[in-house]
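Q: Below are the chains, spelled out letter by letter.
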Amino acid sequence: MTATVFLQALISGILVGGVYALIGIGLTIIFGVMRVINFAHGEIMMVGMYLTYFLFTLFKVDPFVSIVITIPLMFLFGALIQKVFINRIIGALPQNQILLTIGLGLIMSNAMMLAFTSDYKILTTSYSSGSFKILTSIVNPDRYEELYNKGNALFAKASKREGAKAAQTYARAAASYEAALQVTPDQYKGLNNWGAALAREAMVRHGGDAGKQLDEAAGKFEAALAASPDEFEIAYNEAITLAARAEMASGPAAGPLYAKALGKLKAALELRPDSYDGLNALAATRYRQAGSKTGIDAERFYAEAYRQYLAAQAVKPGAERTDEEAALEKPLPPPAEIKSVLDREYARFAPPYRIKADKRDAGLSVSTPLAISFLITVAITALLYWFLMKTDTGQAIRATAQDREAAQLMGINVNRMSMLAFGIGAALAGTAGALISPTYYIFPQVGSAFTLKAFVITVLGGMGSIVGATLGGIIIGIVESVGAVAISSDWKDVIVFAIFLLVLLVKPSGLMGRSRI
Amino acid sequence: MALLEIKNVSKFFGGLAANSDVSFSMDEGMIMGLIGPNGAGKTTLFNCITGYYPPSRGEIVFAGRRMNGLQPDRVCKLGMARTWQKVRPLAKLSVLDNVMVGALCRTNSLSQAQELAMEQIRVVKLDHKTAFPAGGLTIGERKKLEVARVLATQPKLLLLDEVMGGLNPAESEEIIRLILAIKQKGVTQMVIEHDMKAIMRISDRIVVLNSGEKLAEGTPEEIVANPEVVTAYLGSD
Amino acid sequence: MRRPPQIPGGESGRSRVGLVAMLLVLAGLYAFPSFVQSPYALHIMILLFLGTIMGESWNIIGGYTGQYSVGHAAYFGAGAYGTMILLQKWEIAPWKGVFAGIAAALVLSLVIGSICFRLRGPYFVLASIAVAEIVRLTALNLPNVTNGAEGILMSDLPPLSIGGRVVTDFVSKVPYYYIGLTLALFTILVTWLVQHSKLGYCFQAIREDQDAAHSLGINLSLYKNCALGISATLTSLAGSFYAIYIKFIDPTTVLALDLSVQIVLIAIIGGIGTIFGPVVGSLVLVPLAEALRSNIVAQWLINSGLVREDSGLGVFLKENLAHAHVLIYGILVVVVILFMPEGVLGYVRKLSARKKG
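Chains as they are written, first to last, in this note's numbering: chain Y, 5 to 521; chain G, 2 to 238; chain B, 80 to 436.
In case anyone wonders, no lab produced these hints; they're calculated from the structure. Treat the hints with care, as some may be off.
[Said to hold, decoys possible] Calculated cross-link-like contacts (lysine-lysine; reagent style DSS-like; alpha-carbon spacing at most 25 angstroms): (1) G:K126 / G:K87; (2) Y:K125 / B:K397; (3) G:K130 / B:K175; (4) B:K252 / G:K93; (5) G:K126 / G:K93; (6) G:K130 / G:K87; (7) B:K429 / G:K130; (8) B:K277 / G:K78; (9) B:K397 / G:K130; (10) Y:K125 / Y:K164; (11) G:K126 / B:K429; (12) G:K93 / B:K397; (13) Y:K164 / Y:K360; (14) G:K126 / G:K186; (15) G:K157 / B:K277.
Since the structure is predicted, the reported quantities are computational estimates derived from the model, not experimental observations.
Work out the full structure, taking the sequences as your base and the hints as a guide.
A: This is the structure we're talking about:
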């Protein structure tokens, strides 16, 4: 992990952490005032996400603007839940409170599923995938990135050249990637591009130890896949390299190599089933394999290559989308015609390599929607703080959190305060839902993961402490984001839960101590 | 040799001293009264003696054995049992089952435990409520249940934390007789109590705690005559 | 433990009637497959047994000892994966693999116990969830061992033979019926034994008041771990049985939080801390879920003429009611907690007591 990568992860961690903090603050206020742990918190957030989604798709309300509608609606929703359900179990066994809220969560997520199915919904705004750069004068690309960028530039140049000149330039690109990887090993993008450069050079040069070099290239792709297994491009590159190797081998050695290449291609296509390049390469490889066969085998393989050719045509970018299945069901033309179509398409065709060409510039990239949501989070948190500290109602809520009985004796209507607190908690969760909806999938079961996250955050900060929940949210955001790049994104939740257990065992009162709304 | 020795015991919570440098000892068979105004550290001392808190400083020696750091269950097994200021009945279990839980400290056999339990239930005169759930008892009955339950653990030393609190005079009188009857059986007792008349009547010796420190120790007569004790109780008020 | 067995009360006549009724039910259950051949009916019965096993096992730690673990999927998964991995990778027969599952669950319960039992109340619940999630994510991220998200499909179940004689080849559902029934009876027996022993008294004392129990000489961590160990063992049995019956497991079915919640619900809805509570819970939940899942309810509404099949509502019900069983769980648990906190069994008892008195 380079310093830039770390800083980048830190920034996105803090931004996401802001939203997490909002979820955590909601849970902590509810706990503080009622001593009820709300296991439906994530589900309430999910309701907020759907609300935002429908406001956007039906009424074209921008998700960030829509919080002025979401906040009051979610407040009412929360107050209603408190009045009807939670109010009856204040002071009951904590287990029963937990089970009741689990039940409410199940009702919310499954009612949502019945109403809107469990399909993932995506809310795409004009700025959903937007980003901007900060700190461009301070954060420079490091040595790895310089060499990597240089390699990419050379690769681009080489692909415009021909013959020996092209081979030379590919070789220089390969050398540049190699040097980059010596600075920082195991970068999958670098490995992928290195492999592509090696393979292209071997293919252009064609002769001598070209076969061996293709094997070497395939090895690089293998290593890249080990570092990042779900990249379609890398699997695809490895497959076409193996296909080229098979073609170079000819004779009986070619058979298993073709089979291996086809297997890889199919595996790659599972990652992206409608890739034109992928399907086209599959057709081309089958066609080549058919060329190495004779008789009925060859005819069968040509027929299959033709089918794959049709499948590729169906997804060809720019072309009119034909009904793929209908095309495949049509009877095949006679073998001679098939052969001629395939010859025209694939005889001189070499599938293009897909390199990772993203240029790493100076500065850190910040996602626009996350940045906006972070600013809103800060504003809301400040407002809430002001409300709790400076207004009479806010102080009454804090008094109730400190000592319910004493507050009651002092004439505070604790039932009203509980309803307010649950309403505020739900409004905050709903707002968090609205804020992440431009960058997150929306589906009925999305809540439970956030419920767990909310617990981790509040326990980390100290149950009942708003400052603690804010800190906890940002810490968890950072841990997730840095953990994902430092270790692996598969294990980031495990890291979060491990930290949670550690805090529970070592300092159960959390970072900020208990009950300090 | 003394059955229980408290040697310079201190207990701090944060910077606050709940007990500081308390020392006294108890002989077998006696009743020691422990008195003091609210917040004097009586219950904290009980908790230190019975293993709920480790003392911050000092030593607790019971029957010649150092008790510091032992868990409450070990303490009970070694023959020291306590009741709770705020009674803690096992609410959903019957009176008999409550007392049997105590008896099971000494035996693994249910039938033996039941015999032991019935014996103690008769001692506290709750035998008409054997099958009654403990959660439904009156406060007086709960206090008796609490005593029966600890008696069933067959303690050498019994620590009673305000067993007369919240009782009417008739019920208190019953408890006083019970405590004296337990003494007759040779069980040593340490009793925290607010009712001065009662404590003077039952105690062989009395220790007075004030703001966590031992203010005085002596026979009931000596304590009544001690001007410092009188000031502590009546003084600044 | 309302009435210890040693006290011969005036109820011996009633208990004798109860005993005879119980024996009749038992005989009926063992004879059931000779009268009913429908695989679907057998399937429902097997699910009932499975629900009972899960509910009873949770009941020991949750109902009797009062430690609300919402992470029991970890032990269920340990049983399921233990049995399945041994069978698929080393061809070790499930009746041996079961013990590997139990061993895995026991080790897991010791680890979880030593971490979570230092915490009380809601903190214990949260910790139990966190540990179970760690187990699930680990299974998901170790594809070499567990086959990851793809899960494990059982290829072939070797016939069970004792002394060279083939007892069953597992073609029909009948052998599963008997295995399930026997396991369910076994867990009920274990629960009965626990309740009528020192263990039961110590567990319930801990449930009612940990500090009081501690002061009465009960070693908290010993007895809590003991309860969790028994519970984990029985839950892993349920997991192993599930794996060989359904023949497919993956982290989202056998290790998920949903499953942990369902296990708790069976016990809660029936009534915790009683021997037959989980049986009642299983009798309520399983048929309900199955009726919704197989669209019986939607079909009934349409057949009864309440809803027209071709109306929008009819189409909607037919398509979606099958997914509603979890919704029903949610509604049930809310109703039970608010209106019958002692569970269905406790509620019925209260009603009948009110009638009498």
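Q: Now tell me if each hint is right for this structure.
A: Each hint, compared with the structure:
1. G:K126 / G:K87: OK: G:K126 and G:K87 at ~21 angstroms, within 25 angstroms.
2. Y:K125 / B:K397: Answer holds: Y:K125 to B:K397 is near 23 angstroms, not above 25 angstroms.
3. G:K130 / B:K175: violated (51 angstroms)
4. B:K252 / G:K93: violated (42 angstroms)
5. G:K126 / G:K93: holds (21 angstroms)
6. G:K130 / G:K87: holds (21 angstroms)
7. B:K429 / G:K130: holds (20 angstroms)
8. B:K277 / G:K78: holds (16 angstroms)
9. B:K397 / G:K130: violated (57 angstroms)
10. Y:K125 / Y:K164: violated (42 angstroms)
11. G:K126 / B:K429: violated (29 angstroms)
12. G:K93 / B:K397: violated (46 angstroms)
13. Y:K164 / Y:K360: holds (17 angstroms)
14. G:K126 / G:K186: With a Cα-Cα distance of about 17 angstroms, the restraint between G:K126 and G:K186 holds, given a limit of 25 angstroms.
15. G:K157 / B:K277: This hinted pair holds, its Cα atoms lying about 23 angstroms apart.
Checked against the numbered hints given earlier, this structure breaks hints 3, 4, 9, 10, 11 and 12; the rest are met.
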